[in-house]
Structure formats: structure tokens, C-alpha cells
Amino acid sequence: MENILTAITLIFQPYVIIVISISAIYGLFVGSIPGLTATMATALLVPVTFFMDPVPALAAIVTMEAMAIFAGDIPGALVRIPGTPSSAAYVDESYALTQKGKAGFVLGVDVTVAAIGGLFGAVILIMLAPMLAEVAMQFTSFEYFWLACIGLSCSVLVTKGSLLKGLISLLIGLAMTQVGVDITLGYPRFTFGVTDFLNGFTFIPAMIGMFGVSEVMRNVSSEDCAYDAKGVQTRKMFSGIFKTLKRYKLNIGRSGLIGTFVGILPGAGADIGAWIAYAVSKKFSKEPEKYGTEHIEGIVDAGTANNAGLGGAWVPALVFGIPGDSITAIVIGVLFMKGLRPGPMIFQQTPEILYAVYVTFILANLLLIPFGVMAIKAGSQMLRVPRNMLMPAILMFCIVGSFAINNTVFDVGVMLVCGIMAYFMEANDIPVAPAILGIVLGRLLEDSFMVSMIKSDWDLTVFFHRPVSAVLGVITVILWSGPFIAAFRKWRQDGKDTDAENNTCKPNIDDVT
Amino acid sequence: MRVSNTAIGLFLIIFSAVVLWHVQSFPSLDNGYPGPALFPSVLAVLFILCGIGLIIQGIRQHEKLLKFDTGTLTLSGFLNILFVLGAIVCYIFLAETIGFLIFSFVVLVVLMKWLKVHTLSSIAMAVSVTLVIYLLFAKLLLVPLPWGLWGW
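Taken in order, these protein sequences are the chains called A and B.
No gaps in the numbering here: position 264 of the first sequence is 263 in numbering that gives the first Met the number 0, and each next residue is one more.
No gaps in the numbering here: position 68 of the second sequence is 67 in numbering that gives the first Met the number 0, and each next residue is one more.
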């Protein structure tokens with residue numbers, strides 16, 4: 000209770016409130032411009048927050064992400080292009096309703112369920128995090144090794160598309176952490192005599208490159224198309240909303256849970272949460288045939304889930320230091336740089352920072368309604384800003400942001416290389432998210448393994464000696480074997496199918512034996 | 000810009016082979032146990048396995064060995080990308096000499112002109128972006144920007 004009061008006094012200071020308001024507007028703007036994502040917004044915000052105290056810095060990021068994920072719905076409804084990937088699941092419905100002249104209603108529902116979902120995720124974060132932290136207090140390097148393994152495996156398993164390419168992405172991230180002084184002997188690896196490399200790749204410039212520069216490259220490579228959107232009539236936008244919410248209250252609860260728990264899974268963020276909530280909603284709906292047309296149910300579900308996922312992603316991030324999505328991955332990287340190691344110790348040593356995150360989550364989601372309505376009013380104007388004017392400006396922010404962290408042009412070079420790499424990865428369907436988790440967790444993985452090995456004099460079985468460690472180890476092994484079992488089953492199934500095709504009249508040999 | 004899975008696989012294998020060769024020079028721990036070389040080697044082996052996987056996929060899909068597909072990327076799009084990358088390279092080599100304010104203004108105007116933004120709008124945008132960055136970083140956050148030979 001005392002901590003909550005401290006946190007409230009820390010947040011409700013003029014400076015912090017101004018920071019929160021500015022980052023809210025920033026988040027709404029970035030979220031509502033197609034092609035600019037919430038992760039990119041975080042990467043660009045980080046160089047600024049780096050020079051602030053932890054409380055305003057974290058408050059800025061939490062507010063920004065809540066606003067950006069909602070704002071992604073605005074261009075979805077107005078021009079049928081999602082502003083961020085998290086809004087992609089339900090653009091068809093939103094746009095169909097807009098065509099019927101109900102843009103105000105859709106966006107009114109969007110902003111309300113976003114706020115409810117966000118609060119839902121925040122409440123679960125507030126309840127779950129301290130409980131898990133109790134457990135995490137007893138963790139040693141063995142458990143952290145397995146946790147890092149689980150986090151990394153999840154990030155690969157949840158990737159859309161090829162698992163192999165997800166794994167390659169993860170390995171790229173891990174490989175990047177190999178540059179620099181090693182933990183066992185302090186030997187400089189892969190530095191090739193460059194002193195700037197001794198501390199490894201600088202984290203923030205790498206993030207700005209992978210999310211900022213690569214996005215700028217992608218945006219300038221295609222023709223600039225002006226979005227022509229009509230203004231939204233906001234006067235009566237909230238009429239009829241209460242009825243809709245009441246009708247779909249079960250959907251909201253279900254999708255809040257789905258969103259939050261998908262958010263907790265390392266590597267899976269708001270976008271995957273929204274897709275899953277949408278699919279579940281369609282499956283259990285009484286009117287599944289209406290999905291994709293002017294039907295609000297899917298929007299309620301997915302719109303709740305994506306904002307709920309944000310709170311969920313902070314649970315493993317704060318408790319274990321394992322990021323739940325790309326945004327918290329960046330946050331963890333930055334906390335490390337500031338000497339704040341996320342993990343159970345935060346709950347004891349600097350609880351006010353933790354409570355400040357909680358309070359900001361609640362505050363940001365309450366502010367979402369008034370700020371969101373403003374953004375909806377300005378939506379069509381924001382979409383008219385030509386991308387060709389925005390991209391050079393964003394590029395300049397990327398350059399200065401990378402430079403500012405250590406005041407060296409070396410970091411600008413790191414940003415350049417990472418940007419080109421991320422651009423090529425995306426162009427070849429290699430997802431970027433697992434690489435980020437690799438970069439954040441690579442050192443933890445190696446250090447905890449080497450420390451454990453040296454402690455136990457290279458006895459590999461110690462990873463299974465402690466009960467918690469053994470359980471985590473078994474979970475890891477199950478996660479790893481999952482894809483192989485699936486592949487084996489598919490292979491057997493395929494074999495049976497071809498057998499069946501080849502000898503339809505003969506009895507199947509497998510069945511006889 | 001897409002290349003074939005086979006080509007990516009081959010690249011990964013060659014890269015890992017070089018890494019495996021390079022880590023031979025790393026020292027090991029006193030008692031002969033693996034030290035700094037362990038993780039890079041494990042990663043390199045995993046990279047090789049992934050590379051083989053990609054090559055098998057590529058062969059199954061009957062890909063050309065070195066497909067080079069520009070996809071939707073047009074020539075002007077490619078030049079735009081080069082301009083963006085060029086701006087970053089210019090910063091690396093020139094910013095410390097000419098100073099941030101001039102650099103930012105000139106690069107922004109040139110980039111926007113290249114992207115066919117109206118001259119007046121690009122000058123207005125360049126001035127405001129430069130000022131915002133200057134006020135935010137140099138004045139508010141007290142981060143030293145490169146000031147160049149003339150001090151601005």
C-alpha cells in the first residue's frame with residue numbers, strides 16, 4: 000500500500016505527466032500511420048528515455064504502446080490498412096462497417112474495448128507478477144539457463160511460417176551476442192582489434208537499425224500512395240456502445256484472458272493474441288458466417304486481446320527478465336544498460352519502479368478514451384501526411400538516437416549494418432522477433448550455462464538436480480521435441496496416404512502387423 | 000529482394016565454417032575444458048544444420064541455385080534505398096566535420112527533394128525536424144551532438 004502511494008506520487012508529478020501526455024500523442028500518431036509499428040516507435044523513443052529517470056522512462060514506453068496498439072485500428076477502419084500488425088485481424092470488418100457509414104461506431108467500440116482489454120491485462124500483471132516473483136526468488140543460474148531456453152524456444156515456436164527460418168533468426172540474434180569479451184576468461188571474441196567491439200554490439204543502435212532503418216528502407220522502396228480518408232463523425236460515436244459491450248461481455252472476458260496469456264508467452268505479442276482471439280471468437284460465435292462482413296463481434300474480441308497482450312508481456316519481463324514481446328525485449332535491454340537487472344530482485348530493491356509501471360498501465364488505459372477520441376477526430380488528417388516527408392525525418396531521428404547513446408559514429412555504423420540485415424531478413428521471410436530475443440537473452444544463456452558448469456566442474460546432470468530446475472528442463476525438452484514429433488507424425492501420415500493410394504484393394508500392412 | 004533458400008543455406012554453411020576455423024585460436028580453460036570457444040562453436044554447428052535444412056527445402060522446391068528476385072522492388076525504389084543508406088554513411092564520415100545543424104538540414108532537403116517532395120515543404124520540414132532534434136537532444140536531454148569545425 001505504501002509502495003502504491005509512493006508510485007502514485009512519483010507518477011503524478013508535472014514532469015512525468017507531461018512526458019506521459021507527449022508519449023501518448025506520439026504513440027497515437029505512430030500507430031495510426033500504416034508502415035510505422037509500435038516496436039519501431041519504442042526503438043525511436045528509447046534514445047530519448049535513456050537520459051531520463053527510470054520512472055518517467057518506463058511510463059513513457061507503457062503509455063506509448065497502449066496508445067499505438069489502439070491507434071492501429073484507425074487506418075484499418077478508414078482505409079482498410081492496419082496501422083500496426085496488431086490490428087490486421089479485423090480490418091475487413093472495420094472497413095465494411097465504415098462503408099455503411101458506421102466509422103464512428105466502430106472506432107468507438109475499438110477505443111472502449113482497447114481500454115478494457117488494457118486494464119484487464121494490467122490487473123493480471125499486477126496480480127500475477129508478485130506471485131511469480133516469490134517463486135523466482137529461489138532461482139539460481141541453473142533455473143535461469145532453462146528459463147532462457149524456454150523463452151528462446153517459445154519465440155521460435157510462435158513464429159508464423161517456417162520454423163527453420165525462425166530458428167535461423169534466433170541463431171542470428173544469439174550469434175550477435177558472441178561479439179565482445181567472454182565471461183570465462185575475459186577473452187575478446189570476434190572483435191578483430193576494434194576496441195568499440197569489446198562490449199559487443201551496442202543494443203540500442205542495433206534495435207534502431209532493425210526496427211527503424213529497415214522500416215524506412217521498406218517504406219521508401221514502394222511508391223508513395225496518398226490515403227484518402229473521410230473525417231469521422233465523432234459526435235454520437237458512443238451511443239449504442241453500452242448495448243454492444245453488454246451483449247459481448249463474455250467475449251471481452253475471454254479475449255482479455257487469451258490476449259494476456261499469449262502476451263506472457265515469450266516472443267508472442269499483441270498481434271498473435273489478436274489473431275488467436277479472432278479465431279476463437281469465430282469458432283464459438285453463434286453467427287460465424289458474418290465474420291469478414293459488417294459484424295462487430297470479431298472486432299470486440301481481437302480489439303480487446305491486442306491491448307490485453309501488452310500487460311501480459313510485462314509479466315515475464317519484470318519477473319524473470321525474459322521478454323514477452325519485441326517491445327519488452329527492448330525495454331529489458333535498456334534496463335540492463337542502466338544497471339537495473341529485471342528479475343525478482345526488482346520486487347525487493349526498487350519496488351517503486353514496479354508499482355510505477357502498474358500505475359502507468361492503469362492511467363494510460365484510462366487516458367486512452369479521451370486521447371483516443373482526439374486521435375479518431377484527427378485520423379483522416381494524420382493519414383494525409385505524405386510518407387515521403389516522414390521517412391527522412393524518421394531517418395534523422397534514427398541516426399541521432401543511435402549516436403546519442405555513446406556519442407560515437409561507430410554506433411551509427413552498427414545501426415546501418417543491423418538495418419540492412421533486418422531488411423534482407425524480412426524480404427526473405429526470416430522473422431525478426433526471434434533475433435531480438437536472442438540478442439537480449441544470449442548473454443544470459445551463455446553466462447548462466449558457463450557459470451553453472453564451472454560451479455559443478457562440468458557435470459551436465461546438475462541441470463536436473465534441483466527440482467525446479469529439473470521441471471523447467473523437462474519443459475524445455477518437450478518444447479524442443481514438439482516440432483520433431485509433429486514432423487514424424489506428418490511423415491507417417493503421408494506414408495500411409497501414399498500407401499493407401501497405391502494399393503487401395505490390398506489390406507494395409509501396418510494394420511495387419 | 001529475395002534470394003533462394005539454397006543460397007542462404009550455402010552462405011550460412013560457409014560463414015559457420017569460417018567461424019569454426021577462427022574459434023580454434025581461442026584459449027581453453029586451465030583444466031582443458033572448453034571456454035570462450037564453446038558457444039560460438041555450438042551456434043556454428045546449429046547454423047550448419049539449418050543451412051543443410053534450407054538446402055534440402057530448396058532442392059525439394061526445385062529452386063534455381065542462385066535465384067535473385069527483386070520482387071516488387073523497382074529501380075527507383077532501389078535508388079531510394081541507396082539514398083537512405085548513403086545518408087547514414089555520410090553522417091558517419093562527415094558529421095563530425097560539418098556539424099549536426101548543417102548536416103541535418105542539407106541531408107533532409109536533399110532526401111526529400113529526391114523523394115519528390117515540394118521544395119517549400121521540404122525546406123520547412125527540414126528546418127523543423129533539425130530544430131526539434133536540436134532542442135530535444137542538445138538542450139533538453141543535454142546530449143552532445145557533433146558540432147563540427149564551425150561549432151554548429
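Careful, some of the hints might be misleading.
The calculated lysine-lysine pairs, modelled on DSBU-like cross-linking and capped at a C-alpha distance of 30 Å, are [what the hints assert, rightly or not]:
#  : chain 1 : residue 1 : chain 2 : residue 2
1  : A       : K159      : A       : K489
2  : A       : K229      : A       : K159
3  : A       : K101      : A       : K337
4  : B       : K138      : A       : K337
5  : B       : K138      : A       : K229
6  : A       : K285      : A       : K337
7  : A       : K159      : A       : K281
8  : A       : K376      : B       : K115
9  : A       : K376      : A       : K101
10 : A       : K242      : A       : K229
11 : A       : K489      : A       : K281
12 : A       : K245      : B       : K115
Stretches of chain B that chain A covers, calculated by requiring three or more beta carbons in the stretch to come under 8 Å of a beta carbon on chain A [what the hints assert, rightly or not]:
#  : segment
13 : 33-39
14 : 134-148
Cβ pair distances, simulated, as ranges [stated by the list, open to error]:
#  : chain 1 : residue 1 : chain 2 : residue 2 : range
15 : B       : F10       : A       : R340      : 32 to 38 Å
16 : B       : I101      : A       : T190      : 31 to 37 Å
17 : A       : Q232      : B       : V126      : 33 to 39 Å
18 : B       : I51       : A       : I484      : 17 to 23 Å
19 : A       : W479      : B       : L81       : 39 to 45 Å
20 : A       : D456      : B       : L48       : 25 to 31 Å
21 : B       : A123      : A       : M126      : 19 to 25 Å
22 : A       : T190      : B       : F10       : 20 to 26 Å
23 : A       : R383      : B       : L78       : 54 to 60 Å
24 : B       : K138      : A       : F11       : 33 to 39 Å
25 : A       : K248      : B       : R1        : 45 to 51 Å
26 : B       : V105      : A       : R340      : 41 to 47 Å
The hints are simulated quantities; they were obtained by calculation from the structure and are not laboratory data.
Where is the CB? At the ideal position from N, CA and C, for every residue including glycine.
How the hints compare with the structure:
Taking the CA atoms of K159(A) and K489(A), the gap is near 18 Å; set against the 30 Å cutoff, the hint holds. Taken as a hint, the K229(A) and K159(A) pair is broken in the structure, with Cα atoms around 34 Å apart against an allowance of 30 Å. Straight-line distance between C-alpha atoms of K101(A) and K337(A) comes to about 47 Å, which puts the hinted pair past the 30 Å bound. Note on K138(B) and K337(A): the hinted pairing holds, with a Cα-Cα distance of about 22 Å set against a maximum of 30 Å.
Of the pairs offered as hints, the one joining K138(B) and K229(A) is violated, with about 39 Å between alpha carbons and a cut-off of 30 Å exceeded. With a CA separation close to 51 Å, the supplied pair K285(A) and K337(A) exceeds the 30 Å bound. Between K159(A) and K281(A) the alpha-carbon distance is near 20 Å, which keeps this suggested pair within the 30 Å criterion. Restraint check: the Cα-Cα separation between K376(A) and K115(B) comes to about 29 Å, which is no more than 30 Å; the hinted pair holds.
Our distance criterion of 30 Å between C-alpha atoms is met by K376(A) and K101(A), whose separation comes to about 14 Å. For the suggested pair K242(A) and K229(A), the alpha carbons sit about 27 Å apart, so the restraint of at most 30 Å is met. Under the criterion of a C-alpha separation no larger than 30 Å, the hint pairing K489(A) with K281(A) is consistent with the structure, at around 27 Å. At most 30 Å may separate the alpha-carbon atoms for a hinted pair to count; K245(A) and K115(B) exceed this at roughly 50 Å.
Requiring three or more residues with a Cβ within less than 8 Å of a Cβ of chain A, the coverage given for the segment 33-39 of chain B holds, as 5 such residues are present. Under the rule that three or more residues need a Cβ within less than 8 Å of chain A, the assignment of the segment 134-148 of chain B holds, with 8 such residues. Taking 32 to 38 Å as the suggested C-beta distance range, the pair F10(B) and R340(A) conforms, at roughly 36 Å. As the Cβ distance of I101(B) to T190(A) is approximately 34 Å, the hint placing it in 31 to 37 Å holds.
With their beta carbons about 36 Å apart, Q232(A) and V126(B) fall inside the hinted range of 33 to 39 Å. A beta carbon spacing of about 21 Å between I51(B) and I484(A) agrees with the range 17 to 23 Å that was offered as a hint. One distance hint, 39 to 45 Å for the beta-carbon pair W479(A) and L81(B), holds here, with the actual separation near 42 Å. The hinted range of 25 to 31 Å is satisfied by D456(A) and L48(B), whose Cβ atoms lie roughly 29 Å apart.
Checking the proposed 19 to 25 Å range against A123(B) and M126(A) shows it is violated: the Cβ atoms sit about 50 Å from each other. Separated by about 23 Å at the C-beta atoms, T190(A) and F10(B) satisfy the suggested range of 20 to 26 Å. Under the hint 54 to 60 Å, the C-beta atoms of R383(A) and L78(B), about 26 Å apart, miss the expected range. Remark: the range hint 33 to 39 Å for K138(B) to F11(A) is contradicted by a beta-carbon distance near 26 Å.
At about 46 Å, the beta-carbon gap between K248(A) and R1(B) stays in the expected band of 45 to 51 Å. The supplied range of 41 to 47 Å is met by V105(B) and R340(A), whose beta-carbon atoms lie about 43 Å from each other.
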